[in-house]
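Student: Kindly produce the complete structure, drawing on both the sequences and the hints.
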Amino acid sequence: MKVLSLPEAGKLIFEDLPKPELTAGSAIIKMEACGICGSDATAYRGVNPTVRYPIQGIGHEGVGTIVEIGENDKGLKVGDRVALEPYVPCNKCHMCAVGRFNNCADIRVCGVHKNGMMAEYFSHPIQLIYKLPDEMDFHRAACVEPLTIGLHAATRARVSKGEHVVVFGAGTIGLLASFACLSYGATPIIVDVLQSRLDFAKECGIPYAFNSSNGGVAEYLAEVTNGKLPEAMIECTGAAPVLAELHNYVCHGGRVAMVGWPKGPVSINTVRCMQKELDILPSRNSNAKFPESIELINSGKVPVEKIITKVVKLSEVEATIQDMIANPSNYLKVVADI
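Numbering follows the UniProt record's numbering, in which position 150 of the sequence shown is assigned residue number 150; successive positions increment by one, without gaps.
Calculated from the structure, these hints are not laboratory results. Treat the numbers as computed from the prediction; the structure is a model and nothing was measured. Just so you know, even glycine gets a beta-carbon here, dropped at the ideal spot from N, CA and C. Careful: at least some of the hints might be erroneous.
Stated by the list, open to error - Cut-off 27 Å, straight-line C-alpha distance, at most; resulting in silico cross-link-like pairs (DSSO-like, lysine-lysine):
#1 K161 - K202
#2 K131 - K301
#3 K310 - K11
#4 K202 - K301
#5 K2 - K313
#6 K2 - K161
#7 K306 - K202
#8 K310 - K202
#9 K313 - K276
#10 K19 - K313
#11 K301 - K161
#12 K301 - K276
#13 K30 - K11
#14 K30 - K2
#15 K276 - K161
#16 K131 - K310
#17 K161 - K11
#18 K131 - K92
#19 K74 - K301
#20 K19 - K77
#21 K161 - K228
#22 K313 - K131
#23 K131 - K306
#24 K114 - K313
#25 K2 - K310
#26 K131 - K19
#27 K11 - K263
What the hints assert, rightly or not - Derived CB-CB ranges, DEER-like:
#28 Y53 - G162: 38 to 48 Å
#29 P125 - G79: 12 to 22 Å
#30 M1 - E277: 53 to 63 Å
#31 V312 - T65: 12 to 22 Å
#32 N91 - P291: 16 to 26 Å
#33 T50 - A24: 20 to 30 Å
#34 E68 - V271: 28 to 38 Å
#35 L17 - G215: 47 to 57 Å
Tutor: This is how it looks when you write it as structure tokens:
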């Protein structure tokens, strides 16, 4: 089978590898499509500290069709169209024991710590495979995993109906986190420095969008919330200046979910965080969100088709990643056909 591998930073190659054999507790999937994530771009650049080279097959936003599977208690069968959850837990540690599989102490993420999904065939644990509705096309289905990141962030921030949530970053994850807030009945306020991204967010139905290029974020948030400030914040940029001021962007008792990865250690104002008794909540991967994500996309409640910038062939992935690195503002979600 053909596999798109990353043996080292800055080098993608096609490998001809044996098709995986069926093992107990797993299924063989004929891969149909896989999203290209920002983490794939950072892995290619060599600036993703979590990546372990060489990687046989990049990508972790995969969908496909089951071609081999044994008996299972999920009712999955050959021919089912499925989405694959890429965070493979050890099922042994204390986090797995309490059901927080996304925070497994020995987690293996596809395309990061283990083989990825840009391959013709892929072996994956049945535990992490979810049936797709027949009417959901594979391109929209490739957005299931990224939407789970936004849903998990909103859950970590305990977003509730009627609340305001400020979302920093109008890229793919920021938009999807905003959609997640809307699905929970909250009002997202998206903040970015790129006006084109903010205009697009408004076109997608995000009610408030603010350009922070010239400051004034806290004042705008106070205006929108009648002086109270938002109850929650979802930070999707990892930008040190945003994190340094996070205490100014939520009300007393507010909750802050941190999704974006900073480039290094950052400083926050712990005095003000304590004075306002804020909950600071790192948000890692997602947990038990795939069924919810599939339903939201299939029902049309989250219009992921609007954020798909382009669909490419597997042979075009490297050139596409290079262009994503050079021109990041031109891209939201890219899907590769396999």
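Student: Indicate, hint by hint, whether the structure satisfies it.
Tutor: Hint by hint, here is what the structure shows:
no., hint, verdict
1, K161 - K202, "20 Å, holds"
2, K131 - K301, "19 Å, holds"
3, K310 - K11, "22 Å, holds"
4, K202 - K301, "16 Å, holds"
5, K2 - K313, "13 Å, holds"
6, K2 - K161, "47 Å, violated"
7, K306 - K202, "12 Å, holds"
8, K310 - K202, "20 Å, holds"
9, K313 - K276, "50 Å, violated"
10, K19 - K313, "21 Å, holds"
11, K301 - K161, "16 Å, holds"
12, K301 - K276, "35 Å, violated"
13, K30 - K11, "25 Å, holds"
14, K30 - K2, "12 Å, holds"
15, K276 - K161, "22 Å, holds"
16, K131 - K310, "25 Å, holds"
17, K161 - K11, "46 Å, violated"
18, K131 - K92, "26 Å, holds"
19, K74 - K301, "26 Å, holds"
20, K19 - K77, "19 Å, holds"
21, K161 - K228, "16 Å, holds"
22, K313 - K131, "24 Å, holds"
23, K131 - K306, "23 Å, holds"
24, K114 - K313, "23 Å, holds"
25, K2 - K310, "22 Å, holds"
26, K131 - K19, "22 Å, holds"
27, K11 - K263, "22 Å, holds"
28, Y53 - G162: 38 to 48 Å, "47 Å, holds"
29, P125 - G79: 12 to 22 Å, "19 Å, holds"
30, M1 - E277: 53 to 63 Å, "54 Å, holds"
31, V312 - T65: 12 to 22 Å, "20 Å, holds"
32, N91 - P291: 16 to 26 Å, "19 Å, holds"
33, T50 - A24: 20 to 30 Å, "29 Å, holds"
34, E68 - V271: 28 to 38 Å, "58 Å, violated"
35, L17 - G215: 47 to 57 Å, "52 Å, holds"
The structure fails hints 6, 9, 12, 17 and 34 (numbered hints given earlier, in ascending order).
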